Amino acid sequence: MPRRKNNLTKEKIVKLIKEGRGQGEKENYIPWSQIGDFSSLGRGNRVNAPNSKRVHHFHSDLERDYFFYTIWNDDVDDLREQYPLRPAKEIISIAKELHYKPPKPYKSGCDFIMSTDMFVTIKINHKKVEKAYSVKYKKDLKRKRVLEKLAIEETYWGYRDVPYEIITEDSFNRMAARNISFLFSHAILKPEISEEVIDHIYNELVDAIFYHKDKGVRLCEICKGIDINKGYENGFTLRFFYYYAALKDIPIKLEHLIVGTCIIDEVVDFVTFENMMKGEMENGDIV
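Residue 176 in this note's numbering sits at position 17 of the sequence shown; the count goes up by one each step and never skips.
Keep in mind the hints are simulated off the structure, nothing from the lab. There could be a bad hint or two in this list.
As the list claims (entries may be wrong) - Derived Cβ-Cβ restraints for the label pairs, each shown as a range:
{"no.": "1", "residue 1": "Pro350", "residue 2": "Ile387", "range": "38 to 48 Å"}
{"no.": "2", "residue 1": "Glu380", "residue 2": "Ala346", "range": "17 to 27 Å"}
{"no.": "3", "residue 1": "Glu380", "residue 2": "Ile176", "range": "55 to 65 Å"}
{"no.": "4", "residue 1": "Ile387", "residue 2": "Lys286", "range": "45 to 55 Å"}
{"no.": "5", "residue 1": "Lys349", "residue 2": "Glu178", "range": "31 to 41 Å"}
{"no.": "6", "residue 1": "Glu433", "residue 2": "Arg213", "range": "35 to 45 Å"}
{"no.": "7", "residue 1": "Thr327", "residue 2": "Arg213", "range": "23 to 33 Å"}
{"no.": "8", "residue 1": "Val356", "residue 2": "Val321", "range": "38 to 48 Å"}
{"no.": "9", "residue 1": "Ser252", "residue 2": "Asn284", "range": "32 to 42 Å"}
Keep in mind that this is a model prediction, so the values were computed, not measured. Where a beta carbon is used, it is the ideal one built from N, C-alpha and C, also for glycine.
My request is simple: use the sequences and hints to build the entire structure.
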């Protein structure tokens, strides 16, 4: 578990607030705590995501994985990690109310500012709903003090009518999260590639994918065949497959490791794909 350097003074806290820490929305949000604020314990992750347009800071691999798993949902409008629970005096009051020790102050004597791992805004029926999540490994939930701090968080959010949930490694499919992370790394193409080429390769891929359905052909073989027929460099079409999958233009099965050697039926979600293509034809998007 990461541990904050316990040296914040009142002046430093004021400076962080003026810098915008823990404030803003979407690409303008600045996490309250960042990787450089912590000692070397734990596994920090700085993450870029194509749909958030900023660097995200996570203090464990589990936080990182749940981030990818969450933002894959199109209903997620915003995700603010390391969200501060302020004012700090309220946290102290809640701790006393629950008969727990308040968070240990900074060495300077200033009240410690707790944070929630993820504060998520979700669009539901044209309305925005906020939810708060603490992302913890199951082994950490065996520690009494961890449970006390989580109870303080839950009470804080309860006073604000914000649903709160504890996420562990059993709460979601981590393989799906890692597949999403992999796909996002292919979500941006080189600027010199034209829209005409992008559309052409997509059509080539779609035709080949459906042609090889139920035939036991590997994804890499399908893509290599297009590379050879069109004179592309080896691996060119496979990179485009991952690009289209990242954009959800090609629906895929996220639950198992996605690699080029997989049989195409193990990778592509044909039921969703066929329904999607049918809808586009009915809307006149496909001629």
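Against the structure, the hints:
1. Pro350 / Ile387: 38 to 48 Å: violated (26 Å)
2. Glu380 / Ala346: 17 to 27 Å: holds (24 Å)
3. Glu380 / Ile176: 55 to 65 Å: holds (56 Å)
4. Ile387 / Lys286: 45 to 55 Å: holds (51 Å)
5. Lys349 / Glu178: 31 to 41 Å: Hint holds: Cβ distance 35 Å, inside 31 to 41 Å.
6. Glu433 / Arg213: 35 to 45 Å: Since the Cβ atoms of Glu433 and Arg213 sit about 36 Å apart, the hinted range of 35 to 45 Å holds.
7. Thr327 / Arg213: 23 to 33 Å: For Thr327 and Arg213 the Cβ distance comes to about 27 Å; the hint holds.
8. Val356 / Val321: 38 to 48 Å: holds (46 Å)
9. Ser252 / Asn284: 32 to 42 Å: This hint holds: roughly 35 Å between Cβ atoms.
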